[in-house]
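Quick note, the sequences are listed as chains C and X, same order. Residue numbering for the first sequence follows our numbering, starting at 1 and increasing by one per position. Residue numbering for the second sequence follows our numbering, starting at 1001 and increasing by one per position.
Because the hints were derived from the structure by calculation, they are not lab data. Note that CB positions come from ideal geometry on N, CA and C, so glycine has one too. Incorrect hints may appear among the rest.
Unchecked claim - Derived list of chain C stretches under chain X, where covered just means 3 residues or more per stretch with a C-beta under 8 Å from a C-beta of chain X:
| id | segment |
| --- | --- |
| 1 | 18 to 30 |
| 2 | 33 to 39 |
Stated by the list, open to error - Using C-beta positions, here's what the derived DEER-type ranges look like:
| id | chain 1 | residue 1 | chain 2 | residue 2 | range |
| --- | --- | --- | --- | --- | --- |
| 3 | X | G1476 | C | A19 | 42 to 50 Å |
| 4 | C | W22 | X | E1261 | 50 to 58 Å |
| 5 | X | L1024 | C | L40 | 12 to 20 Å |
| 6 | C | L33 | X | L1437 | 35 to 43 Å |
| 7 | C | T15 | X | S1433 | 33 to 41 Å |
| 8 | X | G1436 | C | S14 | 43 to 51 Å |
| 9 | C | W22 | X | E1409 | 27 to 35 Å |
| 10 | C | T15 | X | G1365 | 19 to 27 Å |
| 11 | X | R1027 | C | A19 | 14 to 22 Å |
| 12 | C | L40 | X | P1451 | 22 to 30 Å |
| 13 | X | Y1382 | C | A19 | 44 to 52 Å |
Said to hold, decoys possible - Now the stretches of chain X that chain C is said to cover, found in silico as 3 or more residues with beta-carbon under 8 Å:
| id | segment |
| --- | --- |
| 14 | 1123 to 1136 |
| 15 | 1195 to 1206 |
| 16 | 1244 to 1254 |
| 17 | 1346 to 1357 |
| 18 | 1367 to 1375 |
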Amino acid sequence: MTLPAVLPLAALGSTAFAALAWGSILLVLAVFLAVGWLVLTE
Amino acid sequence: MVSSAVVLTLTAATVLVFTGVGLLAARGRIDSVETYISARDSAGSGTLAATVIASMMGVWILLSPAEAGAAFGGLPAVLGYAIGSAIPLILFVPVGARIREVMPAGHSLTEFAYARFGSGMYLLVLLVSVFYMFIFLAAEMTGIAGALALVADVPLWQTSLLIGGFVLVYTTYGGLLASIVTDTVQTLIILPLLAVGFGGALLSLGGASELHATVVSADPTLLDPGFGPGLEFGLYVAFALLGANMLNQGVWQRVYAADGERALRRGMGIAAVVVVPMLLLAGLFGIAAAGLGLTESGSASIAFFLVLAEAFPTWVTLAIVVLAVLLVMSSADTMFNAIASVVTADLARLLDDPDQRTLWLGGRGLTVAVALAAIFIGAQGYSVLQLFLTADLLAAGVFVPFLAGLYTERLTGPGALVSGIAGLLVGFAYFPSLRGLVAAVPGVGSMLPAPSFLIAFAGATLVSAALTVVATLLGGADADLESLGREVRALDDPVADGGSEQ
């Protein structure tokens, strides 16, 4: 089984790409703060 | 290229610090085989999240998602990897609660398989689980040895021996407790290091907009979320990750380590949230490598490190080296103890009333044996991708009937075994990597369908699931799930820390 070569979705634009990259970095940092706080308050 | 002496010194300093942390954390606290392989009800939600993140996120996150992004379909392949890694963690919330309810004094998944299904399914689960965990371990050692060889020309055996040897020291001494404590500290370093390292890398590549323009001009399909081959890869890798992680004893140990159901729910939930951006970021650098034309010579498997060598300033490279070493250490200690715990828990049942000394020797001896084998394999520089996929396929065929035993009393051992084997047969028939082997069976070669990873993984999972439903409906068994908890013996007769009886 092979899926169609390209489904009709728009390629990721420049803004969305930047949001994906920097948003991921910020989310990792946010989880770091959350885990750190939870560990320290256990 | 960064100097090998600098990288080796940094690696040695990192492993020394965490070996010290592991030894100090476990000092005087490992008083029985029970505490060596189990840390029951000891981890709050933060510690649980940290140890699950550290255990599951090995150096593979710097290799496989980047390779997927570069060579297997760009963004949708990376998204499949990221979301597929989170799904098992979310599933472990209800499944983990059920495991703790059905077998509250349990230690391992094979213990459950034997008590619930008998010896046939036990052997199948033991084989698949240990094979997967050992391949994971070997892949980690191979990955870090290859990465440091690429970044700083460090000989494979030096990296493998240095990291494997020190992890062995604190894991053999401190067992699961040492693993969880070091995991927690490592996660609190890994997460900011990853964020800062990747942020610095993104900036050194000219920022997100310039990188986007480079990738789009090279190959726009790399950033197309609807790109067919990428979607196909994303789907089958999600099936592969699901089965393999549900049979990961390291996660089962942490299910028992959770300090109650709330900690289990929050810990697994937090881990599931963070693995998605971690894998997305790693995958984006594979896409960047392809866009920069660095993977044209077929070197997609080291795509992340090609970008590292090409464009990153020295401080980012060194930060990534520390990150990679921490990722390996935190996964390797989990696998060392997980494999040892499976066998130690089974020894207690298989041997006729073994004493604590025998169990100690079994547990620690096996940790050493597993570590030495992994160090040896890591120093060889083998390609372990095919073995990894094979281990994933085996797990995909087995995990549904195995887990169904937690929920239904009507599924028999033979019913679960037949469902699992049927799933595996479907998987083998379609699995491209095993075609030569399967075709060698007389009369089978001409009957094999067209190969497809997607059908192999999805077929193994779905066929075993469908047959599990049929076997459950037809099954006349009336297994008593409530009795399972009483069949599992505790291993906590106190002994001295050094391993001799008091």
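So, going through the hints one by one against the coordinates:
With a threshold of 8 Å between beta carbons, the proposed coverage of the segment 18 to 30 of chain C by chain X holds, since 11 of its residues qualify and at least three are required. Counting residues of the segment 33 to 39 of chain C whose C-beta sits closer than 8 Å to any C-beta of chain X gives 6, which meets the bar of three, so the coverage hint holds. For the pair G1476(X) and A19(C), the beta carbons lie near 56 Å from each other, so the given range of 42 to 50 Å is not met. The supplied range of 50 to 58 Å is broken by W22(C) and E1261(X), whose beta-carbon atoms lie about 35 Å from each other.
With their beta carbons about 19 Å apart, L1024(X) and L40(C) fall inside the hinted range of 12 to 20 Å. At roughly 49 Å, the beta carbons of L33(C) and L1437(X) sit outside the given window of 35 to 43 Å. Evaluation of the 33 to 41 Å hint for T15(C) and S1433(X) yields a pass: the beta carbon distance comes to about 40 Å. For the pair G1436(X) and S14(C), the beta carbons lie near 45 Å from each other, so the given range of 43 to 51 Å is met.
Checked against the hint of 27 to 35 Å, the pair W22(C) and E1409(X) fails, with Cβ atoms roughly 51 Å apart. Taking the beta carbon of each, T15(C) and G1365(X) are about 57 Å apart, not inside 19 to 27 Å as hinted. Checked against the given bound of 14 to 22 Å, the beta carbons of R1027(X) and A19(C), roughly 47 Å apart, lie outside it. Between L40(C) and P1451(X) the CB atoms are about 51 Å apart, so this pair departs from the stated range of 22 to 30 Å.
Under the hint 44 to 52 Å, the C-beta atoms of Y1382(X) and A19(C), about 39 Å apart, miss the expected range. With 0 residues bearing a CB less than 8 Å from a CB of chain C, the segment 1123 to 1136 of chain X misses the requirement of three and the coverage assertion fails. Counting residues of the segment 1195 to 1206 of chain X whose CB lies closer than 8 Å to any CB of chain C gives 4, so the stated coverage by that chain holds, three being the minimum. Here the segment 1244 to 1254 of chain X counts 0 residues with a CB under 8 Å from a CB of chain C, which misses the bar of 3, and the coverage is violated.
Check result for the segment 1346 to 1357 of chain X against chain C: violated, 0 residues qualifying (beta carbon to beta carbon below 8 Å, three or more required). Using a Cβ-Cβ cut-off of 8 Å, 0 residues of the segment 1367 to 1375 of chain X lie near chain C, which falls short of the minimum of three, so the contact claim is violated.
Violation of the numbered hints given earlier is confined to hints 3, 4, 6, 9, 10, 11, 12, 13, 14, 16, 17 and 18; the remaining hints are satisfied by the structure.
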